[in-house]
Amino acid sequence: MSQPAIFISYRRNDALTQTRSLAGELADEFGKDSVFYDNTSLNPGDSWPDKLKKGVEGAQIVLVLIANKTKWLGMGDETRRIDDPDDWVRQEVETALANSASLVIPVLFNDAQLPSANALPASIKNLPNLQFFNIDEKQWDRDISPLKVFIKNQLNHNTGVSSQVQTDSPPRITPLTCDREEQRNMFDDTRLNAPKNQPRFHYLYGFELQGHKTFFKRLEYEISGKNQPEINLNRKTQAVEFMLTGEGGARPEALRERFVRDLCASLSLVPDHFHPLLDKNLMQLLSASPLTKDLKQGDCLLVFAHISHWFWNAMQTPAAALWFIEHFCPQVLPPDSPEIFFFFSFDFNENENPGVKDEIERIVRTEAKYVKALPELGMVNRRHVGQWLVSNENYISPVLREKILKEKFTGQEYYMDDVTDRLKKIINQHLNSLST
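Numbering (the numbering used here), first residue to last: 524 to 959.
Hints in this document: simulated from the structure, not taken from any laboratory.
Please note: incorrect hints may appear among the correct ones.
Claimed, not checked - Below, a list of computed lysine to any residue pairs in the SDA-like style, where the Cα atoms sit at most 25 Å apart:
1) 576 x 621
2) 592 x 657
3) 931 x 914
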């Protein structure tokens with residue numbers, strides 16, 4: 524079993540319930556073996572002091588959970604547990620802070636506050652200086668999503684793996700490149716003809732099973748040169764993604780703030796450290812983010828902003844998106860900036876939200892003057908799959924190609940998500956056959 528990448532530190536009489544919920548969410552997101560949580564990571568017969576120490580020493584990220592500052596400090600009638608050098612919470616935090624390879628993130632629930640430096644032993648007095656996350660349990664899904672994105676980006680950044688394209692396949696065989704030539708060609712045309720000193724915005728739309736993110740991954744795959752590993756493109760490409768989670772509220776600014784907050788999390792930034800969010804701008808976030816601060820002229824930044832019909836608000840969502848384009852983003856980039864491409868991906872479902880497709884198209888056509896609409900993402904037909912198989916003939920023989928078409932693709936049209944899943948299985952089967 525590999526060393527868990529995430530270690531959860533907490534005090535049982537403070538945040539046991541919240542820790543159980545968070546540990547379960549992180550295990551679902553990153554895999555059970557990636558999360559060290561004592562209730563599930565310690566087995567009968569384990570030397571728990573040794574395993575706890577090994578767990579915190581080997582973790583890339585240590586989450587320090589606090590639901591109540593007084594309880595976390597272990598306040599008694601005359602003593603505090605945190606003052607005891609043998610206190611396990613103290614030892615976990617000490618070990619994590621002393622390990623330069625670990626990122627320590629305090630996670631505060633509801634109205635909890637971090638203890639002041641003066642209230643902590645000298646060995647952990649730096650804890651209040653660290654960036655933290657707030658989770659309001661009444662808004663659990665809303666607040667935990669940025670934390671998961673932050674952790675994902677941080678883990679991928681540490682390992683040097685892109686957070687957007689991860690594949691076990693060889694560099695020349697990937698399910699990303701099936702069809703979507705019409706959209707790809709239009710993007711190429713706009714990229715070549717539009718000024719490079721301006722951020723460029725694209726509208727990507729189609730039914731929710733049509734692989735919006737797959738197309739975005741394909742662009743990152745090709746622009747970064749992963750499809751041509753023998754060619755040195757001498758540029759860095761960074762791709763980030765976020766979902767606009769929210770429908771606005773009583774204040775017109777609420778969804779704008781949500782937009783910036785979700786973007787912050789995708790850039791591995793803690794939103795609470797950038798208040799007031801609406802006074803900031805895109806370049807300030809990019810210069811602060813560990814993912815983008817080193818990007819320069821000639822490099823490329825791709826941003827995927829997913830807007831689901833489930834969160835669509837006809838009055839507020841378009842207004843927030845237009846504000847983001849026209850006011851939060853600069854109209855002209857600073858001289859040493861990378862190319863910046865935004866893809867506003869809207870997935871619709873006419874059965875659940877009838878008429879929303881036409882509503883979005885009208886807004887893009889009449890109001891979004893800076894946005895280039897790419898062709899609608901439609902069905903993938905059997906011919907496109909056949910073309911993918913032929914283009915990978917170095918890996919898939921004609922005999923195998925005919926067998927795949929006959930057994931796996933008997934219909935004429937498919938949703939892109941379905942095609943991608945099937946092609947991934949075909950690639951994995953091919954890799955397994957090479958390793959046996």
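Checked hints:
Annotation: proposed proximity of residue 576 to residue 621 holds, straight-line Cα distance about 13 Å (limit 25 Å). The suggested pairing of residue 592 with residue 657 holds, with an alpha-carbon distance near 14 Å, which does not exceed 25 Å. Between the alpha carbons of residue 931 and residue 914 the distance comes to roughly 18 Å, so the proposed pair stays at or under 25 Å and holds.
Going through the hint list in order, the structure satisfies each hint without exception.
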